[in-house]
Amino acid sequence: MSAREEIMSRIRTALSDAPAVPEVQRTYRRTSEMSREQLIEQLVDRLVDYKANVDVVPAADAAATIAARLSAATSYVVPAGLDEAWLAEVPAGTRRVVDSAEQPASVADLDAIDAVVTASAVSVSESGTIILDGSATQGRRAISLVPDQHVCVVPASTIVQLLPEALPRMDVTRPQTWISGPSATSDIELERVEGVHGPRILDVVILEDA
Amino acid sequence: MSSTFVGMPTLPSQRGHGNLHAEEPFPQAATRELGNTQLRANLRHATHTIRDKRLNVVGELPDWEDLRQAGSDTKDAVMADLPAKLEEFEANFTARGGVVHWARDAEEANRIVTDLVRETGSEEVVKVKSMATQEIGLNEHLEEQGIAAFETDLAELIVQLGDDKPSHILVPAIHKNRTEVRDIFLQEMPEVDPALTDNPAELAMAARAHLRKKFLGAKVAISGANFALADTGTLGVVESEGNGRMCLTLPETLITVMGIEKVLPTAQDLEVFMQLLPRSSTGERMNPYTSLWTGVTEGDGPQNVHIVLLDNGRTNALADKYGRTALNCIRCSACMNVCPVYERTGGHAYGSTYPGPIGAILSPLMTGIEAEDNGSLPYASSLCGACYDACPVKINIPDILVHLRGEDVKAQHEASRVPTEMDVLMKGAEIALSSGKVLNLMEKALPLGRLVAGRDKKIKKLPGKLAGAWTSSRDIPAPPAQSFRDWWKKEGRA
Ligand code: SF4
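Chains A and B, in that order, are what the protein sequence lines are.
All residue numbers for the first sequence refer to my numbering, where the first residue is 523 and numbers rise by one.
All residue numbers for the second sequence refer to my numbering, where the first residue is 205 and numbers rise by one.
The set of hints was computed from the structure by calculation and includes no laboratory data.
Misleading hints may appear alongside valid ones.
[As the list claims (entries may be wrong)] Pairs of lysine to any residue, SDA-like flavour, derived with a Cα cap of 25 Å:
| id | chain 1 | residue 1 | chain 2 | residue 2 |
| --- | --- | --- | --- | --- |
| 1 | B | K598 | A | A630 |
| 2 | B | K417 | A | V566 |
| 3 | B | K418 | B | Q391 |
| 4 | B | K525 | A | K573 |
| 5 | B | K257 | A | V566 |
| 6 | B | K257 | A | E711 |
| 7 | B | K417 | A | D631 |
| 8 | A | K573 | B | A413 |
| 9 | B | K417 | A | D539 |
| 10 | B | K423 | A | D539 |
Just so you know, these numbers come straight off a predicted model, no measurement behind them.
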């Protein structure tokens with residue numbers, strides 16, 4: 523008998539008393555009433571607590587804000603679908619690499635790049651979580667992982683308060699990365715310290731009118 | 205035995221193998237660990253830090269109890285319908301290009317993983333922290349087979365470099381303080397700056413530098429999974445450092461080892477468990493990184509993706525209708541962080557990969573109560589109930605502890621056929637309670653109890669396994685100098 527058949531058979535034997543299947547009551551909060559201003563305020567509060575840098579700006583200032591955040595970088599990578607206008611003010615001398623599934627940068631290339639700029643799919647203000655789903659504006663998972671600085675753009679219309687409000691907006695079968703602050707560890711005496719293997723710098727640019 | 209399924213033979217449950225055993229009785233191990241004052245100070249500091257953080261972030265949510273109930277019911281529902289959920293997961297994961305393997309026990313899982321690694325031609329793998337691979341002893345097995353496994357989680361790295369054993373499921377090096385960590389790094393990392401201080405941020409940087417090349421060049425990664433979603437075939441890993449993302453994203457081949465109890469029915473269930481888990485484990489509103497993947501995504505991440513679904517005694521636990529909810533555990537570690545026994549003895553005293561209150565029930569449920577010294581684990585508790593209150597999926601650990609103590613007594617009885625200590629105690633109680641005269645005589649022996657107790661009027665250690673196990677974690681008050689009946693008589697009221 524195969525391992526699969528054997529395990530299935532064991533499970534059935536173990537359940538021979540036919541335990542009850544409870545009905546799951548979703549009585550927890552699933553909708554919220556926060557205004558856009560409140561959502562932004564809560565998201566900023568959480569992200570700052572995680573030691574991310576946050577700018578809240580009108581969409582018209584996106585390019586200037588991103589350029590300012592990239593001022594220390596000599597090179598950056600962007601996913602092929604990123605809005606060109608956001609990059610308009612990055613100095614021409616800063617090397618730009620455009621990445622896509624068809625023309626992926628190698629891991630070694632990415633390791634030599636200082637920063638990455640991506641958009642995001644949905645954000646959850648209550649937990650300070652930004653979700654990337656690998657679509658064209660966010661790119662392959664590797665690009666937002668290997669460079670040491672991640673500049674992430676969050677249009678305010680994509681912020682919700684609660685996780686149960688975020689999930690219906692997403693396709694869970696896309697490769698997802700949920701980001702709540704720069705990389706960190708609590709492994710030494712259970713105290714959180716920022717900056718381990720993932721990007722050590724997380725810059726979030728919230729577009730208040732987009 | 206009746207079965208809900210016809211058409212396939214049914215088999216008795218399978219006992220777990222691997223690192224699931226106490227190597228010596230808990231009281232003995234605990235007594236030794238209690239002698240380590242540095243360990244106790246480290247644990248006290250760490251568990252108290254996390255307790256306060258957890259209470260803060262849990263208190264923030266007005267619907268915490270609703271989430272706990274939903275989490276508990278979801279898990280009960282999955283367990284009751286496990287074959288169907290596993291089949292659904294398997295079909296969806298496979299449809300997306302993943303390969304599903306099944307392993308009856310630790311040996312079989314190790315063999316499957318080794319063969320998969322061999323097929324890639326690689327002689328080393330990077331690993332992201334996984335309880336399941338710790339349980340089956342995968343690293344040791346791979347090493348015997350000539351494959352080097354590199355732990356990448358900071359705490360696992362500390363444990364691996366220090367040639368030590370994990371003592372906590374979330375923070376395996378919780379028993380080490382920052383100075384001890386620095387000393388290990390200075391000794392084991394040839395490239396490290398000798399001026400390294402014990403500042404945790406600096407230590408994290410040293411780990412980053414040490415592992416970076418490994419990540420960037422890795423061909424094969426081995427991970428665990430925090431959950432598998434049946435309706436989509438999605439797997440998820442919850443982490444902090446980004447070592448998980450590195451392992452799950454950069455290599456060509458990804459092999460995940462996961463217990464069969466980790467499956468959740470729907471993607472929607474994430475909205476419950478991703479609120480319960482981070483707040484209960486690190487006491488954060490959300491952990492820094494969570495990765496989800498569904499089989500293979502063309503052009504993004506590993507293209508050769510496998511999962512090994514592991515039994516290794518889980519069906520044994522499932523067969524115990526009073527104990528099966530132990531399988532609902534989401535490995536948050538809240539129960540050990542609040543446990544007065546764990547805080548003093550640390551995780552090593554429990555022997556198994558799973559320490560603390562959950563380990564005290566899960567290990568014997570998976571191996572069978574009579575296996576090696578696991579029968580002593582259910583006594584490693586004062587039954588104070590703090591674990592039950594903290595558990596995000598409401599596992600009634602104290603109830604299961606009491607149930608397993610009963611099972612242990614039964615097992616010993618059957619094994620020996622000679623009256624056990626508990627039999628004698630029970631018999632004694634029966635005789636004493638059956639006759640006022642005998643009770644009277646027994647009470648006369650009370651002063652003897654006071655002698656054992658010593659000056660502080662606490663009995664520190666009772667002889668024998670049962671009574672000894674109980675008193676090793678809590679002192680019992682000495683019996684009074686005079687029994688109630690003596691006093692009553694003396695007062696002339698008899
Ligand atoms: S038993 Fe409950 S509290 Fe303990 S680790 Fe498991 S889920 Fe967490």
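*So which hints don't hold here, by number, going up?*
1, 2, 4, 9 and 10
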